[in-house]
Amino acid sequence: MSTIVIDRNLVYRLLKQVPKGKVTSYKALAEAAGNPKASRAVGAFMRTNPYAPIVPCHRVVYSDGRLGGFSGKIRIKEKIKMLEEEGVIVRNDRVERFKEHYFDRFSIERAKKEALP
DNA sequence: AATATGGCACAAA
DNA sequence: CTTTGTGCCATAT
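For reference, each letter of the first sequence is one residue, going 3 to 119 in the working numbering.
Keep in mind that the hints are not guaranteed to be accurate.
[Claimed, not checked] Lysine to aspartate or glutamate pairs mimicking EDC-like chemistry, simulated, CA-CA at most 16 Å apart:
hint : residue 1 : residue 2
1    : LYS24     : ASP66
2    : LYS83     : GLU98
3    : LYS22     : GLU87
4    : LYS24     : GLU88
5    : LYS18     : GLU116
6    : LYS29     : ASP9
7    : LYS81     : ASP106
8    : LYS29     : ASP106
9    : LYS83     : ASP95
10   : LYS39     : GLU87
11   : LYS18     : GLU88
12   : LYS115    : ASP95
13   : LYS22     : ASP106
14   : LYS24     : ASP106
15   : LYS24     : GLU116
16   : LYS24     : GLU98
Hints were generated in silico from the structure; no laboratory data involved.
Hey, can you work out the whole structure from these sequences and the hints?
The following block contains the structure:
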């Protein structure tokens, strides 16, 4: 019996809580949304994100600080550029001082009240 | 409807 | 540190 395993809209709303200059991970979002195992699905949500760039999908990276994808290989440069404009230094596909920039203090309560475009 | 492919994570080697 | 294999869930074909 199956139920919803991870709520796509909830993930988008949670992601909106990540402030400029910070990053989060696919895993953190999956956890916050209630399914720690669904990190890969979160990636799929980002890939088909209808609310970009209102929903800051460029602020989502691997849980170890590496960048991961962004629509293939070429446009990864743009992700880096956006992040650096927000104050996040990226070197060798890795976020510098990852821990300091890492955000995972999501509020599920606030997210549920958030509206989506 | 069935299989393949991903903007992932984690453990083992 | 790297590579390889496995689990997971949503999308693309």
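Going through the earlier hints one by one, which of them does the structure break, listed in rising order?
-> 7, 10, 12, 15
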